[in-house]
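J.: Sequence:
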Amino acid sequence: MTTELKTTEQENWSLVIRPQRAWWDLHLGDLWRYRDLVWMFVWRDFVAYYKQTILGPLWYLIQPILTTVVFTVIFGNIAQLSTDGLPPFLFYLAGNTVWTYFSASLTSTSNTFTGNAGLFGKVYFPRLAMPVSVVISQVISFGIRFFVFLGFLFYFMASGADVRPNWWILILPVLLFIMAGLGLGSGIIVSSLTTKYRDLQQLVTFGVQLLMYGTPVIYPLSSITGGWRWLILANPMTPVVEVFRLAFLGVSAMSPVYLLYSLAFMVLVLLIGVLIFNRVENNFMDTV
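According to this note's numbering, the stretch in the sequence shown is residues 2 to 289, in order.
Honestly, the hints are just simulated from the structure, not real lab data.
Beta carbons are placed, not taken as given, at the ideal position from N, Cα and C, and that holds for glycine.
Keep in mind that a hint or two might mislead.
[Claimed, not checked] Pair ranges (Cβ atoms, derived):
{"#": "1", "residue 1": "Ile79", "residue 2": "Lys123", "range": "49 to 55 Å"}
{"#": "2", "residue 1": "Ile170", "residue 2": "Tyr262", "range": "27 to 33 Å"}
{"#": "3", "residue 1": "Arg36", "residue 2": "Thr68", "range": "29 to 35 Å"}
Whenever a hint applies, use it, and build me the whole structure from the sequences.
T.: Here it is, written out as structure tokens:
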């Protein structure tokens with residue numbers, strides 16, 4: 002009688018939480034069932050980030066403009082780096098718009114476990130919902146910076162600057178998808194490793210800053226020749242930045258076909274990241 006009762010109860014369960022499961026048992030369907038929670042995290046990340054600041058959401062506008070002004074003065078006026086004939090401010094703003102989304106996604110998702118250990122220890126929900134919500138909330142931030150970029154683009158076009166937007170702008174969703182996948186995959190790999198090795202978290206911000214100089218954000222790919230060019234080409238963010246400039250500014254030293262490499266690299270990193278994340282979340286509360 003007791004066995005029959007247990008069997009009946011188990012048939013009514015909608016979710017079974019087990020301490021151990023296979024590497025490939027990802028439970029990705031749980032993300033869809035908890036989609037309302039994901040959107041709640043998205044709203045929290047977007048609203049709470051500048052909630053207790055004086056300027057509030059205006060920082061989403063101020064940051065890219067100030068960063069671009071600094072790049073223009075230092076790298077454009079003082080260092081006099083080439084911008085392939087494009088207006089320096091517009092050149093740096095384009096690279097900064099793309100790079101900020103990737104770097105913010107990576108750094109924000111890299112502290113998923115350590116930054117939310119208290120919440121994870123109290124209630125169950127798909128742990129992957131947290132980094133996914135971060136990547137989605139960063140899309141909103143990217144959208145604001147993108148419209149700032151479009152505003153300056155139209156201004157320079159009206160001023161007679163030689164910029165030529167073209168049909169490659171239709172590939173923007175693909176660029177966003179690649180950046181989101183790279184940021185999410187890389188971030189959750191770091192997050193999974195920092196449950197045991199906390200010093201890796203200290204290297205993330207520094208490493209992202211160094212990686213920016215290995216990406217054609219402040220210089221065009223055409224200016225890199227010789228033995229260093231292969232290193233820049235090996236960076237999966239290089240085709241993304243170059244194709245973005247090709248689409249909206251009409252100038253690039255790289256064919257859009259190289260996006261296939263970035264896409265393949267993104268799929269590999271994302272797959273590895275999800276598998277490691279899935280494995281670590283089983284016992285991360287014992288080590289975090």
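J.: A separate judgement is required for each hint: does it hold in the structure or not?
T.: Against the structure, the hints come out as follows:
{"no.": "1", "hint": "Ile79 <-> Lys123: 49 to 55 Å", "result": "holds, 52 Å"}
{"no.": "2", "hint": "Ile170 <-> Tyr262: 27 to 33 Å", "result": "violated, 21 Å"}
{"no.": "3", "hint": "Arg36 <-> Thr68: 29 to 35 Å", "result": "holds, 34 Å"}
In summary, the structure is inconsistent with hint 2 from the numbered list given earlier, while agreeing with all the others.
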